[in-house]
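Asks: I would like the entire structure built from these sequences, with the hints used as guidance.
Protein chains in written order, with our numbering: chain A, 9 to 529; chain B, 9 to 529.
Fair warning: there could be bad hints in the mix.
One copy or two, either will do: identical chains are not told apart, so a pair holds if it fits within one copy or between any two.
Calculated cross-link-like contacts (lysine-lysine; reagent style DSS-like; alpha-carbon spacing at most 30 Å) [unchecked claim]: (1) K110 / K43; (2) K203 / K43; (3) K459 / K326; (4) K399 / K236.
Treat the hints as calculated values from the structure; they're not laboratory data.
As the structure is a computational prediction, the values presented were derived from the model and not from experiment.
Protein chains: 2
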Amino acid sequence: MAERPTLNDTVIDRLESALSPDRVITEPAAVDEFKDPYYIPGDDTFTASAVVEPTTTEEVQAVMRIANEFRIPVWPHGQGRNYGYGGPSPRVRGSLQISLKKMNRVLEINEELAYAVVEPGVRWFDLHEALEAGGHSLMLSVPDLGWGSVIGNSMDNGMTYQPYGADFQLLCGLEVVLADGSLVRTGAGAIPDNKAWHLYRRGLGPDIQPLFAQSNYGIVVRAGVWLKRKPEGYMALGLSLARDADLEVGVDAIRELRLEGILEGVPSIYTTLTAAPQLIDADVDGPALMTEEQIQEIADRTGVGRWSTRTALWGRKKIVEYKLERVKEVWEAIPGAKVTHSPLYAPEDYGALTNSSEQIQAGIPTLQLIEATPPNMGHIGFSPIVPLQGKEVRFVVDEMRRRVEEAGLNFLGGVMAFNERSACVVGGIPFDVTDKEQADRAFGVVRRLVKEVGELGYGEYRAHIDYMDEAQAVYGWNDGAYRRFAETIKDAVDPNGILSPGRHGIWPSSYRPQQSDAAAG
Amino acid sequence: MAERPTLNDTVIDRLESALSPDRVITEPAAVDEFKDPYYIPGDDTFTASAVVEPTTTEEVQAVMRIANEFRIPVWPHGQGRNYGYGGPSPRVRGSLQISLKKMNRVLEINEELAYAVVEPGVRWFDLHEALEAGGHSLMLSVPDLGWGSVIGNSMDNGMTYQPYGADFQLLCGLEVVLADGSLVRTGAGAIPDNKAWHLYRRGLGPDIQPLFAQSNYGIVVRAGVWLKRKPEGYMALGLSLARDADLEVGVDAIRELRLEGILEGVPSIYTTLTAAPQLIDADVDGPALMTEEQIQEIADRTGVGRWSTRTALWGRKKIVEYKLERVKEVWEAIPGAKVTHSPLYAPEDYGALTNSSEQIQAGIPTLQLIEATPPNMGHIGFSPIVPLQGKEVRFVVDEMRRRVEEAGLNFLGGVMAFNERSACVVGGIPFDVTDKEQADRAFGVVRRLVKEVGELGYGEYRAHIDYMDEAQAVYGWNDGAYRRFAETIKDAVDPNGILSPGRHGIWPSSYRPQQSDAAAG
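Replies: Here it is, written out as structure tokens:
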């Protein structure tokens, strides 16, 4: 184990005067609180040197100026709940973590235009609570776990399930601290006294908003969040498939319903072992490898089937009722496939929802999924993008499952229809976080998946910090033209190369030679 | 009038060997064919030196290498139909125009996943024809005029009217020739042998696709275009308002129907003088200033009202029928407001459509709008973005109309709901292209609008080449932080500053000092 990285006293002094001593964390155990709990026991590859907790944009700017002066790499995060992808841990060992948890104000809620404006420490829980406390009949598209940062999740291209969850529609209009500590506003935000910053997606000239997701070009300190009015009718749906072999025809049916506008958002097709605890609270998963027969038995006994789709309908009551009819017509044409649904809820009914599937798709944040998971059960993610076609999804699922099972681990996860044409096969590889040998196997198989499934033409939508270079290498067409273009921009906007070096495989020039060697080795 | 700009013989020789002599146009009259016809008579401010017509990506790359070698500014266009915003004319006098008209192949049509892949010379007409010729039941979102380039229009943030017309959803996945002549692919296109390039909107790392619209960072030579399956039911709607004062309540109703998901795409509310010829072929507009009474008389006589919304419904028949009911319920609550609609069309009916409003919203390209315009009637555009709120739209329309009428010109145009929260007030200032005095007045009032409406906080979504610097200056928050960030990228990705210098006010460093002076002066 290498010596623990630290900041020198001058830097600590400077940070403490710019912020305050209690918001500059250097004590090792306290620093290690800011780490993905799903790690190989004892691994300290991605240990940070310290953590700062700014509370204002000006403090973030001050931290960036100090980091430039002393050439210290920094790694920002919102809530740091990037579990399974490395959490808030920095790609470069010894980086200064910038936790934005304490920038947690909901700056605006606009009822008429149905949007909110938040800082990066605002969690799904916080924004939901602010909407309810203000008596707004507005609904937020949320992910499975409500504890993360709205901005942080979106800046990792994280998905949510309502209509704005598809195709990155949730955020509109950013304020960003650039690497040199200066501020920029995207879109109409660049017009003084404008009113369209959080309404219109572009401005005049190149659209820079999407540059800041998954990148190391800036730190988002403010964002508009699009909301929906709570619809007249809301209904959660479960679409099950009896046999593993039905996946292909099920995926094609989801695509057609999605293209037809009957289904919206991000319908998600889960494996039995993922769906069973999530949908019915049966404790069925775990690290021991299950046989095909055992899985089929659970599928039949619990009624979730071999593949179970979670989706919902939102809108005018009559439209929801007709859509349900149409979903049944298409889905029940598949032998053994079943449609289950919740009651048709009105906006005043949301308080009574307790089932996490119904809550999440109604925009009510929960932690049920993680509360149902044994504390020693971690996971690591591998999530390639695949065309929303049965034969394609089948092929990639099989390629992934075979390798995971060869490592003696269960294949968990599912197929999330990110839009009407593509899906992400989200593979959560489970392991016992107290068992180094099993964790090693899990991390090993993900390394293998990134490379081998990548060579088949399927790249990740989001990479674990352990594999960012390997995942970026998959996007290597024309001798890495994309990476080189992104790195040309990186060098221009962060000449000292201090902001999140190596994030998703994009490095500043000062790191590039040795990183290329590392990637080759 | 300044001396006509030319290229030197060495450069012409080099271009002729890289392409072929017939595709290097230097004869002045032939070069002037590549110009917006709506210009002040005799104005040669934006005259090009020559035009090249590459037919392949390799030829575009070769042109860029020659342009770098000789430091020649270039200005690409698809079909050059950017009428009212400067057409294909270059911002910098003497630029070499790159016409991509002859790169006109439809490279792929994917029926199952509902997309096509096109080169930049492919017009709306061409892609529509290819879809029909191939017997596909797929529908393309088109703009008012079908003669433009699909890619070119999109790269100016141009709008179309079906659901993918809102929020820039039409294109997915680009191949781009960079300023140095190298090639980059966006999103999953960077994965060799991938199948998700035109399906998923992002990749791994920063999303660079939106950087290439309205920018001078690259030349798009290939793009995926999302299509819809022709729906079971399609119906065009007209929503009229009897009095000018109804605009406010009408805009709010459109917003609520849009947020509710009843209306989709880009509903457009036209003034009487725009709607009348467009909807009923009455020849009512023209340069002579009309009185309030004359306009009201036309509104009443033609039945289009003072404001007339063109929109449509697409989907399963039962949903279209219910949506019509809901639209009537909301709209007819406005006194004097009327809902008219086409029959409910099935996919096999599209061949029989002749009304341009019905055709355009069914994805059938037409030229009826321009064919109905007298050949001497030009226009120049001023198009600020405004919140989709009645009081805001009212305010901006009045501010624009007053200034246009003070110049003795009619206010044409309308309010296009670009998405569910924002609209563009599209002002087309009409003038007689053979009348220099009238043209001067039209250009003068647009200069005034850019500045004065900009100072009120409303910026343009797209600027005429005459006013790009002034329009960009409106986006000047924090001492032009957005422009400086965009120019930092510009200098990094085009160090010689040859690609479209000055487009939408973004200049390479070599031009910046004098341009700043010009903008200040």
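Asks: For this structure, which hints from the list above don't hold up?
Replies: Per hint list: 2 and 3 violated.
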